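Colleague: Sequence:
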Amino acid sequence: PPLLDDQASTFISQTYQRADAFLFGRRTYEIFAGSWGAGMDPGNPVGEALNTRPKYVASTTLTDPRWAGTTVLSGDVAATVGELRAEPGGELQVWGSGTLIRWLLHHRLVDEIVLLTYPVIVGQGRRLFSATGPDIGLELVDLRSTPKGLTIQTYRTTGSPQYETATT
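Heads up: the sequence shown is residues 1 to 168, going by the working numbering.
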């Protein structure tokens, strides 16, 4: 992409490299499996991480994953994701997978959100955050910008936000 500069690429590569496992929704999984799983760009640190670490897919329709190291999560996905999150020292990352991210946020199964904001306004498409669901407090823990104007914001979830009450 034209807005992806060296700093952004380095950040993305380092983020993928620190993952212990990946969690995907079915559609994103199929896109990634068709490219990264097919050996796209050998030697790339993103591909290396994706191809060598466990992958989990939340899906009720995927039955025969062909990408090595993939486990399909069905049934009580919330309980299974909770167990994966509880494993010591592991970082379970979700990339893309908007429907899954909204579901994880609704079930309060997200510890950290990293938003990459490109200097482009898109007037249509799906929302990342749904119009309904729980309010979630966020604490900014890192903020970066790159030469081409990409901002990278890292937030830790803090539970339900505290609101000021109106005084009369």
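The set of hints was computed from the structure by calculation and includes no laboratory data. Given the structure is predicted, the values throughout are model-derived calculations rather than measurements. From the three backbone atoms N, C-alpha and C, an ideal C-beta is built for every residue, glycine too. There may be inaccurate statements among the hints.
The calculated label-pair distances, taken between Cβ atoms and stated as ranges, are [unchecked claim]:
hint: 1; residue 1: P42; residue 2: P134; range: 37 to 47 Å
hint: 2; residue 1: A68; residue 2: V141; range: 26 to 36 Å
hint: 3; residue 1: S9; residue 2: E164; range: 39 to 49 Å
Colleague: State for each hint whether it applies.
Modeller: Results of checking the hints against the structure:
{"no.": "1", "hint": "P42 to P134: 37 to 47 Å", "result": "holds, 42 Å"}
{"no.": "2", "hint": "A68 to V141: 26 to 36 Å", "result": "holds, 34 Å"}
{"no.": "3", "hint": "S9 to E164: 39 to 49 Å", "result": "holds, 41 Å"}
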